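Keeping their order, the protein sequence lines are chains A and B. The first sequence begins at 0 in numbering that gives the first Met the number 0 and counts up by one. The second sequence begins at 0 in numbering that gives the first Met the number 0 and counts up by one.
Worth flagging that the hints you see were computed from the coordinates, not collected in a lab. Keep in mind that this is a model prediction, so the values were computed, not measured. Here a beta-carbon is modelled for each residue, glycine too, at the ideal position from N, C-alpha and C. Treat the hints with caution; some may be incorrect.
Which stretches of chain B does chain A cover? Using the computed rule of at least three CB atoms under 8 Å from a CB of chain A, they are [stated by the list, open to error]:
id, segment
1, 181-193
2, 302-314
Here are the simulated BS3-like cross-link-like pairs (lysine-lysine), alpha carbons at most 27 Å apart as the crow flies [to be verified]:
id, chain 1, residue 1, chain 2, residue 2
3, A, K47, B, K391
4, A, K52, B, K161
5, A, K52, B, K133
6, B, K85, A, K55
7, B, K311, B, K169
8, B, K250, A, K55
9, B, K227, A, K47
10, A, K55, B, K227
11, A, K47, B, K285
12, B, K329, A, K52
13, B, K169, A, K47
14, A, K52, B, K85
15, B, K311, A, K47
16, B, K226, A, K55
17, B, K187, A, K47
18, B, K285, B, K360
19, A, K47, B, K161
20, B, K161, B, K250
21, B, K423, A, K55
22, B, K226, A, K52
23, B, K133, A, K47
24, A, K47, B, K85
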Amino acid sequence: MMGDRRNPLEEKRNRWGWFFVAPGIVFFSAFSLYPILYAIWTSFHNKKLLSLKPPKFIGLQNWISVLSSQDFWNSVRASAVFCIGVFIPVFLGSLLFALLISSRKKGKRFYQMALYSPAILSSVVTASVWLLIFDPRGLANQFLNTLLGTAGVDHKWLADPVMVQLSTILVYVWKQVGYYTILFGTGIGKIPSSVVEASMIDGANSWQRLTRITLPLLRPTMALVSVMIFISSLKTFSTQYLFNQHGAPLAPINVLTLNIYRTALSDQNLGKASVMSLFLFFILLVLSWLQVKAGGQGEELE
Amino acid sequence: MKKAIALCVLAIAILASVPAQAPVVPGLGSKKITINLWTHEDPNRSVIEKKYIAEFMAANPNITVNYNTYPSNRIFEALTTAFAGKQGPEIFNVSIGNAVSFIDNGRVAPVDYKALGLKGPADLEAMYLPGMLKAVERDGDFYGLPLEITNMCLYVNRKMLKEAGIDPDKDYPKTWEDLISLSEKIVKREGQIITRRGFDFRYDAYTNLFIPMVEQLGGEYVSKDGKKAIIGDEAWLKALQWMKELGPAGKNLGSPTYTAARTAFDKNDNTVAMSFSGLYQEARMKASNPDFYNSKDWMVVPFPQWKDSKKKVTANYSAHYYMVNAQSDKLAQQASWVLVGWMLSHGEEYLDKVAIIQPTKKLIESPIYKSMPYSDVFAKDFENANIVYVGKASARLSTLLSETIQNVMVGGVDPKVALEKLRKSAQEALDSAD
């Protein structure tokens with residue numbers, strides 16, 4: 000029975016705990032929970048953005064309309080293509096850069112900074128710079144034509160349905176690879192030097208150290224980075240938006256976020272936009288759960 | 000005697016140069032009001048509007064006016080977001096196709112005739128050319144005052160045509176077929192990359208320019224009763240095929256991914272020979288490249304027709320109206336209408352400095368309008384012009400139209416497939432608009 004008695008000190012601590020997390024809870028409730036609940040409510044109503052009339056309850060109409068729309072499934076396709084297209088180069092590129100940088104004795108900070116610098120640019124600035132590069136008379140055509148010896152070929156970076164998807168992927172990879180390099184770098188830095196030293200004493204060469212020690216011990220970071228890449232690439236918007244504004248065809252790059260934006264603002268249909276947002280939310284929720292799991296796994300291993 | 004006459008002339012000149020006093024908002028007392036004004040970017044217009052606002056604020060020291068400009072392709076989104084969050088500006092302007100949803104959703108206040116010194120709607124209507132206020136009329140009241148009415152014609156670089164062996168006076172493009180054939184003569188490429196365009200379309204104005212192409216052939220965007228979308232497949236397919244021919248999937252003469260043709264045209268740097276724009280482009284050209292403006296190297300010609308056009312239709316005109324937020328404070332609404340009335344009372348200066356036309360009877364008859372280069376070409380085309388489609392689904396339809404044309408032109412989509420998709424989506428948009 001003694002065990003059931005609460006420790007007054009612990010109770011006091013718990014009270015302080017609530018006090019400290021209260022701002023976070025208030026912030027989360029106001030800016031995350033409330034919009035989520037509101038989106039659920041809106042998805043069952045005929046809510047128009049500018050209308051002052053009270054929205055009418057229309058049951059599953061918005062859900063049926065969205066889930067049976069070709070446009071929506073094209074957006075799911077566009078988002079999936081983008082995520083997968085981004086994942087491989089970002090994951091492998093950042094891992095490779097992190098391994099290269101960590102193997103260097105000097106100038107680590109400089110290389111990290113150089114790779115990270117695109118990440119601090121706003122997405123709009125990034126897309127605007129790349130619009131110039133992808134202009135038919137821009138650097139992208141010049142570079143590729145010099146490389147391939149195909150003078151005067153327009154690779155239609157913004158015009159061709161396949162190329163425009165590749166262009167958005169390229170911009171994203173350029174912007175994000177530095178950020179994930181830092182994460183991998185941190186993961187590599189956490190590998191105990193005693194393990195590496197022991198392997199060296201046992202006569203392991205560089206390749207063996209990489210494949211038998213570094214990569215296996217980096218697995219939790221890899222899982223975390225993978226999920227993070229998926230989450231952030233699903234939220235991509237500015238590049239697709241700006242490219243379309245400058246004449247790129249919409250369908251190939253009409254990712255979910257862009258479709259949500261256009262449905263809400265251009266079509267002013269908040270009900271349908273909410274359905275799409277909730278669809279995206281559930282995907283992100285699953286990925287976030289995986290992220291938490293991956294993070295937990297990492298801690299356990301540590 | 001001569002001296003007396005000279006003195007009189009001088010006195011009149013001095014009096015004429017003194018700016019008229021901006022009106023004082025009645026009943027304001029010591030109350031302080033802030034008016035936010037959002038409008039689309041136009042550097043020439045901003046200069047004069049800021050001047051009118053400064054004069055208005057000097058006459059009404061308790062009123063603060065914040066003047067904000069947005070890119071024309073972003074202002075609708077900015078306004079929609081702001082209004083949805085109940086943070087809409089007191090005064091705003093947006094193209095008429097997009098303004099409809101603001102009016103029909105009760106976001107716009109009816110014109111305060113008293114604040115403008117008028118007796119009622121009839122007085123206001125009498126000031127304008129017939130039909131110019133129809134788009135903003137609801138139940139006998141008006142919900143906006145026209146800032147500009149724009150129809151587009153074809154700007155032609157005479158020098159570039161001559162260099163390509165084309166006589167600009169006789170052989171300027173009169174038909175859509177001419178535009179393609181002349182472009183083929185002028186275009187220069189390095190491989191597939193265009194370095195000089197003969198002509199390029201205006202890709203932000205499909206409802207102004209593409210819809211008349213369809214209408215010339217007997218097709219329709221939306222039926223007269225507003226219930227059916229995309230009528231006359233033959234006409235639509237021919238117009239879409241023409242766009243495809245122009246683009247990279249066709250004869251590779253132009254593309255929306257190149258710099259906007261009208262901007263390149265003004266530079267006169269041998270990159271674009273022909274582009275569509277409104278009379279206002281003259282002011283922009285004058286500001287950005289006065290040498291070219293003052294030269295005889297450019298001209299404006301009427302909107303092209305098809306060789307087998309069924310009826311003459313010129314470019315649809317678009318309209319921008321200054322509107323006042325119905326959710327703002329009543330006194331702020333009144334003050335806003337006074338300010339709008341004050342700004343728009345300078346129609347001649349808007350025309351002179353910005354080359355935009357307020358469709359008032361007074362302005363159209365004024366010597367300054369008649370003296371603008373090629374204003375007669377614009378005026379003649381205007382006689383056969385219709386307003387861009389204005390309906391409850393106009394914003395959505397405009398988006399769908401852009402998507403369709405861009406998919407055909409640069410996305411390689413077959414015009415028939417694109418048309419079917421457009422018909423289905425446009426009909427859905429019309430059916431679901433309430």
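Checklist entry - So which of the earlier hints does this model not fit? => result Violated hints: 2, 4, 8, 11, 13, 15, 17 and 19; rest satisfied.
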